[in-house]
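Novice: Chain by chain, the residues run as shown.
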Amino acid sequence: MSNETINGRGLAEAERLYRDYGIRAKKLKEQGQKSIAYVCALVPLEIIAAAGFIPIRIRGDVNEPITKGDIDLETIACPYARSCFDNAVKGRYSFCDGLAIPHSCDSTARTYSVWRYVLNFPYSHFINTPHTANTSALEFFRADLKNFLKSLGRFARSEITDAKLARYVELYNENRKKVMALYALRKQDPPLISGAEMVKALVAGLSLPVEEASDLYDQVREEILNRKDAAIKKLPRIMVVGSAIDNHDFMQLIEESGANVVVDDLCIGTREFGPPTAVTDDPMDGIADRYLNRINCPRTYREKKEGETLEDDLAARFGDAGKLAKEYAVDGVILYMYKYCDPFGFEIPVRKTWFESLGLPVLYIEDEYSAGTTGSLRTRIQAFLEVIE
Amino acid sequence: MADEQDAKKRRKATEAAGKIGGMVRAAIGGTIKAKQEGKKLAYAFISSSYDEIIRAMDIVPVWTENYAGICGVKRDVNRFLERAESLGLSRSLCTYALCGIGFDQMREELGEMPPNSPWGGQARPDMMLSSGQILCDPRNKWYQASQQFMPDVPIYNVGLPWPMYEDDVDVDDVADYYIKHIVKELRGLIAFLEKQTGKKMDYDRLSGIVALAEHTWDLIWETYEMRRATPTPMDTGDAMNTMVPMVFMMGTQEAYDFYLALKAELQDKIDRKEGVIEDEKYRLLWGGGLPSWFALNDFNYFNSKGAVFPAETTYRLVEPIERLNIPNTSDPVERLAWRWLRYWTYWYDKARKRPGSEPDVERLIQYIEDYKIDGIVMHEAFSCRTWHLGLIWQLNQLKKIYRPIPVLSLGKPARRENPSLILESDIIDMSSYSEVETRSKIDAFIETLESLKSNQIA
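Respectively, the protein sequence lines represent chains A and C. First residue of the first sequence: 199, per the working numbering; consecutive thereafter. First residue of the second sequence: 674, per the working numbering; consecutive thereafter.
Read the hints as simulated data drawn from the structure, not as lab findings. Using N, Cα and C, we set each Cβ at its ideal position, and we do this for glycine too. It is possible that part of the hints are untrue.
Have a look at the derived ranges for each label pair, beta carbon to beta carbon [what the hints assert, rightly or not]:
{"no.": "1", "chain 1": "C", "residue 1": "Ser-1104", "chain 2": "A", "residue 2": "Glu-566", "range": "14 to 20 Å"}
{"no.": "2", "chain 1": "A", "residue 1": "Ala-514", "chain 2": "C", "residue 2": "Asn-1001", "range": "38 to 44 Å"}
{"no.": "3", "chain 1": "C", "residue 1": "Gly-702", "chain 2": "A", "residue 2": "Asp-510", "range": "56 to 62 Å"}
{"no.": "4", "chain 1": "C", "residue 1": "Ser-977", "chain 2": "A", "residue 2": "Ala-514", "range": "55 to 61 Å"}
{"no.": "5", "chain 1": "C", "residue 1": "Asp-846", "chain 2": "A", "residue 2": "Glu-566", "range": "57 to 63 Å"}
{"no.": "6", "chain 1": "A", "residue 1": "Thr-359", "chain 2": "C", "residue 2": "Asp-846", "range": "19 to 25 Å"}
{"no.": "7", "chain 1": "C", "residue 1": "Glu-781", "chain 2": "A", "residue 2": "Thr-333", "range": "47 to 53 Å"}
{"no.": "8", "chain 1": "C", "residue 1": "Arg-878", "chain 2": "A", "residue 2": "Glu-372", "range": "46 to 52 Å"}
{"no.": "9", "chain 1": "A", "residue 1": "Asp-268", "chain 2": "C", "residue 2": "Thr-1121", "range": "46 to 52 Å"}
{"no.": "10", "chain 1": "A", "residue 1": "Asp-387", "chain 2": "C", "residue 2": "Glu-781", "range": "42 to 48 Å"}
{"no.": "11", "chain 1": "A", "residue 1": "Asp-218", "chain 2": "C", "residue 2": "Glu-1123", "range": "51 to 57 Å"}
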């Protein structure tokens, strides 16, 4: 990407794209480039991009009261999903040409018809990601992704060849590597990039064509490496674990409270950007494997194998997060969940036990996805940080 | 205790519904006895397409959602919910699951049933059968959470997808890979059960049980269709009882016989023109959501206002077998897979014929027509996303696309209105329920119906 397509460089550009989310796709639409809006990390972006669309991740907004969304969606849905829906109803994604929703959780899957009919995009599709992750489920999922590819191809009126798919597998893998290279800047103490800056950069990238997102991440990294005036001090190192965070406010709150957020197990975060897609003869094999097996979200059931102890089972389910905690030398973990999140909610006790077994103090927060809770959260976080110090 | 006695006093219109309490009590007691006799017990979820398989393997199902519901009816749920909460589980999660997990943890800690457990308690299982569907996240996570207190109890999670309703994808285009996967998941379950019990599946026996279950499906459908009669001989208050054999005893002779008796009873009432209430003024559709199990008396309150519920979408988990167009197969496992797929996609073709429609909305329209419905009541339980998301939209969409048969009105054809009421509380957690508030909402709703009816007459 050159300066023809961006106004600034690095962090400033990330900030602009984060604040004015979707601006680049709107600009490209004037040149005939179409976009598909989506929710959740389980949507295979490689397929959407190979079909010629820009995948645009639908965001919520913690500062925006949910008003129009509640006309059609119950308040017992996950507040994050409700906020995403509310934003979409308010027209923030009306520049998009279609919608893709995966079977991620009840709050999205059980409301697919609501999204589809209310938003009324010219195209929509539900990706039926299985809950179980065995050989049969993988075969099923692969067939369902082929069905998605066929359906999207019909809408795009173009053939999505294996070569195109393979090309986007490569581009997205490269993109994920660049994100993880940004994460690596946080291994130092103090980290070179803050948690709030990371969220902005990552989220900004989710509104761009993948090549441009990769360029943006490169620029951010370059700027950070050359930054002389970073005000990041040595402070307790925190890992945030939870479902989806797409606003910088929570990270900023932790950092203002006297800590550095150095790593996460989140969407949008390492859960989403960490695992690459395996390069396979039929690209769909690698894609199906990534989105079913490698993205470690609690909505996918991981079986406790015969003969495994409870500790083995927890290690298999949460070991990757534990590895990150060690690699990034974290001092404490904040488990951050949204109200009404059944997939994560039922794991809270064991997740807490698991991190504590690694010698890490844990703060569990159940939140509403609203800036209105900042005051009470600040007190709790400060108290937690005092314990760590 | 006074509350409990009130709950017990709910007046039932049918004798059949009156027998259900005893049947459930016997079934729960039966699981405890079976455990003492050394039989294999499995924690299980309703509507998971494995009822016949469990029965054919002589495994005794322990329906954990049912037990949570019983705790709700008995108004003895708080101690289990609070225990779950003390373990770090949020009260905003599915309260059936919280109740079950709290109960399990208490039982495991004590080494015996918690004192005074409703109807003797929930027996410790030998295995747990999870259910990974589009339907319900807690069914995918509940037993995994319980396993931390029972690490020796293995889980088999049955993946049971069905295709979502799409404009550009026909069910037949994708049925092949859906069926292939569902069959493999069910065969995986059979292999798991064979291992747990040390005995082989008798496929002839399974075929017989599947056939019995399907006869029962048809019988239930025919029986429930009789409720179209005016006055209706049975309403949703009773159906929340008579669903028990449908969801917890499918594939047993007892379930079949129950509906045979119910059908005869309804026929007798229809012949004698005996309705749920004497003066039936308003016919309502229970259009979605599980009821508050501790407040089933609310149905009687509706009745006292002249309102009856001839139909409900909740717990009507059958369609006529012939209309499901299940391909010929001698393999009972394949048959179960096809029945599953066809049941969940049953309303798709009908929805395609009406612009802007959707299967759930189409089902509402069908019931409104068939059962001559004046209004719809739904329940929004705060803790259950499974059955309660999308209901508001369905009502909104219903208003947008439904063109009912016009009724005669002087001067111009009148559009029939479908007023709706959404009750808010929970399935078993009483803390969110206010009887006074609920009943004043019902009163206001009845007034709306009355006013509409008066306007129509005028």
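Novice: Look at each hint and say if it fits the structure.
Specialist: Comparing the hints with the structure gives:
For Ser-1104 (chain C) and Glu-566 (chain A), the Cβ-Cβ distance of about 19 Å falls inside the hinted range of 14 to 20 Å, so the restraint holds. Distance hint for Ala-514 (chain A) and Asn-1001 (chain C): a CB-CB separation of about 43 Å, consistent with the stated range 38 to 44 Å. Between Gly-702 (chain C) and Asp-510 (chain A) the Cβ separation comes to about 37 Å, which falls outside the hinted range of 56 to 62 Å. Look at Ser-977 (chain C) against Ala-514 (chain A): about 56 Å separates their beta carbons, and that is inside 55 to 61 Å.
The given range of 57 to 63 Å is broken by Asp-846 (chain C) and Glu-566 (chain A), whose C-beta atoms sit roughly 41 Å from each other. Between Thr-359 (chain A) and Asp-846 (chain C) the C-beta distance comes to about 21 Å, which sits within the given range of 19 to 25 Å. Range check, Glu-781 (chain C) to Thr-333 (chain A): Cβ separation about 33 Å, and the 47 to 53 Å hint is violated. Between Arg-878 (chain C) and Glu-372 (chain A) the C-beta distance comes to about 57 Å, which lies outside the given range of 46 to 52 Å.
Separation of Asp-268 (chain A) from Thr-1121 (chain C) is about 22 Å and departs from the stated range, judged on CB atoms against 46 to 52 Å. Between Asp-387 (chain A) and Glu-781 (chain C) the CB atoms are about 43 Å apart, so this pair conforms to the stated range of 42 to 48 Å. Distance hint check: the CB atoms of Asp-218 (chain A) and Glu-1123 (chain C) are about 53 Å apart, consistent with the given range 51 to 57 Å.
Violation of the numbered hints given earlier is confined to hints 3, 5, 7, 8, 9; the remaining hints are satisfied by the structure.
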